[in-house]
Amino acid sequence: MADKPRVATVSLCGCFGCHMSLLDIDERILQLVDLVTFDRTPLTDIKTLGDCDLGLIEGGVANAENVEVLREFRRRCKTLVAVGACAVNGGIPAMRNQFGLAECLRESYCDGIGVHNPGIPSDPEIPLLLNQVHPIHEVVAIDYFLPGCPPSADAIWTFLTAFLEGRPIAFPYLQIHFD
Amino acid sequence: MSKTFKLDGREIPFETGQTIMDAALAAGVYIPHLCHNPEFAPHGSCRVCLVDIGGRQVSACTAAASEGMEVDSCSESIQETRRAILQMLFVEGNHVCPACEKSGACQLQAVAYYTGMLAPHFTHFFPRRPVDASHSDVIIDFNRCILCELCVRASRDHDGKRVFAISGRGLDSHLVIDSPSGLLGDSSFAAGDKAAHVCPTGAILPKGRGYETPIGERLYDREPISIVGDVRAHEEEVV
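Those protein sequence lines, which keep their order, are chains A and B.
Counting along the first sequence from 1, when you hit position 18 you're at 18 in full-length UniProt numbering, and nothing is skipped either side.
Counting along the second sequence from 1, when you hit position 230 you're at 230 in full-length UniProt numbering, and nothing is skipped either side.
The hints are simulated quantities; they were obtained by calculation from the structure and are not laboratory data.
The C-beta atom is built at its ideal place from N, Cα and C for all residues, glycine as well.
Incorrect hints may have been included.
[Claimed, not checked] If you want the ones that stay clear, here's a sample from chain B, every Cβ over 10 angstroms from chain A, calculated:
1. Gly9
2. Ser45
3. Thr81
4. Asn94
5. Val96
6. Ile166
7. Glu217
8. Asp221
9. Glu223
10. Glu235
[Said to hold, decoys possible] Here are the computed distance ranges between Cβ atoms for each label pair:
11. A:Asp123 / B:Ala190: 28 to 34 angstroms
12. A:Asp123 / B:Cys74: 31 to 37 angstroms
13. B:Gly160 / A:Met20: 50 to 56 angstroms
14. A:Pro124 / B:Pro224: 48 to 54 angstroms
15. A:Thr44 / B:Gly208: 19 to 25 angstroms
16. B:Ile227 / A:Glu107: 43 to 49 angstroms
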């Protein structure tokens, strides 16, 4: 038996809603584990990334670690997919682009309502924030885009089954929405 | 016998003086558009209604129909050009659909769905634009303005007020409001104005009615804009 395609997933600057939507395929996940082998993904808790056929990226790029992880996914994955609004166009986190980074940090950690022990965190283990949040196609080349906040389980299933069977990827009207 | 032209192989009757868009709308054939509204003079600015006539691309809302012309409105190359135009509109503003009250009933979004746009493709500008909530009944979010000038035309030609205008040139073009402070609340604008009901995006919205329609029942949730029609045709008058 030929090796099954390897799939990796990650959430960058996202809310894990797209991963929840993937799990929303319900019992079809049993079919999916027959079709693919999961590599690095929050679903397996595997932390290191091997060579993969397909990488699903949730979330935009907001900090230095996001950039590093995204570039590694691009190096390791033959096909890379932007899953969900944040990966596609920055989404809700990109609304901070309306303000300066210092302004955001001051509001969150110093001047905001209900802040105790004010002070901007500076632990070296915390990845440095970028000045702006970016969609992932602004950092690496992306092969497919799956919009939605989140994309529905059916839309994700449509993509996965068509991709794995080598069919052209086409979505019914009801499966494509930007919200 | 009436005159006709061909739109994607289909005979469309027209009268002298009608544009391709007029004739198509009258025949019930959809050509995607954003800045066009049959109640106002054609503007030809959004370029989404681009069609091909013998290798030349023109906007259907401003090009006069003529006898025997062959118009292509649905080839992949036309749709591809429309997608690129829409992608530029999306990256030029801040169109955060998940955080917008208009989502699901937004013409910009619906036309993007119709043309098969899945992603913005270009690099986002992330411009910094204000929100004007000074008016008691209506909010203006400049992040979502696509400069279609429908509010400009409606206020000038229907309401007789000239509340709106476009100022600046090129990338600096932006919507301005005629009031001493530049704020909508200090202008003569009223929620019952025609100009409050023509915006194809979520730039001009009535206050206090956000997310009234559940997801799944919004204007474009179930059927595409080619079947449902424009937002304008579904606008309820605010009493």
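Consistency of the hints with the structure:
1. Gly9: Gly9 (chain B) is indeed farther than 10 angstroms from all Cβ atoms of chain A, at 23 angstroms.
2. Ser45: Fine: 23 angstroms to the nearest Cβ keeps Ser45 (chain B) off the interface.
3. Thr81: holds (19 angstroms)
4. Asn94: Its Cβ does come within 10 angstroms of chain A, the nearest being 7 angstroms, so this is violated.
5. Val96: violated (6 angstroms)
6. Ile166: holds (22 angstroms)
7. Glu217: Label holds. Min Cβ-Cβ 13 angstroms, cutoff 10 angstroms.
8. Asp221: violated (8 angstroms)
9. Glu223: At roughly 7 angstroms from the nearest Cβ of chain A, Glu223 (chain B) sits no farther out than 10 angstroms, so the non-interface label is violated.
10. Glu235: holds (20 angstroms)
11. A:Asp123 / B:Ala190: 28 to 34 angstroms: violated (54 angstroms)
12. A:Asp123 / B:Cys74: 31 to 37 angstroms: violated (56 angstroms)
13. B:Gly160 / A:Met20: 50 to 56 angstroms: holds (52 angstroms)
14. A:Pro124 / B:Pro224: 48 to 54 angstroms: 51 angstroms Cβ-Cβ, so the 48 to 54 angstroms window holds.
15. A:Thr44 / B:Gly208: 19 to 25 angstroms: violated (47 angstroms)
16. B:Ile227 / A:Glu107: 43 to 49 angstroms: holds (45 angstroms)
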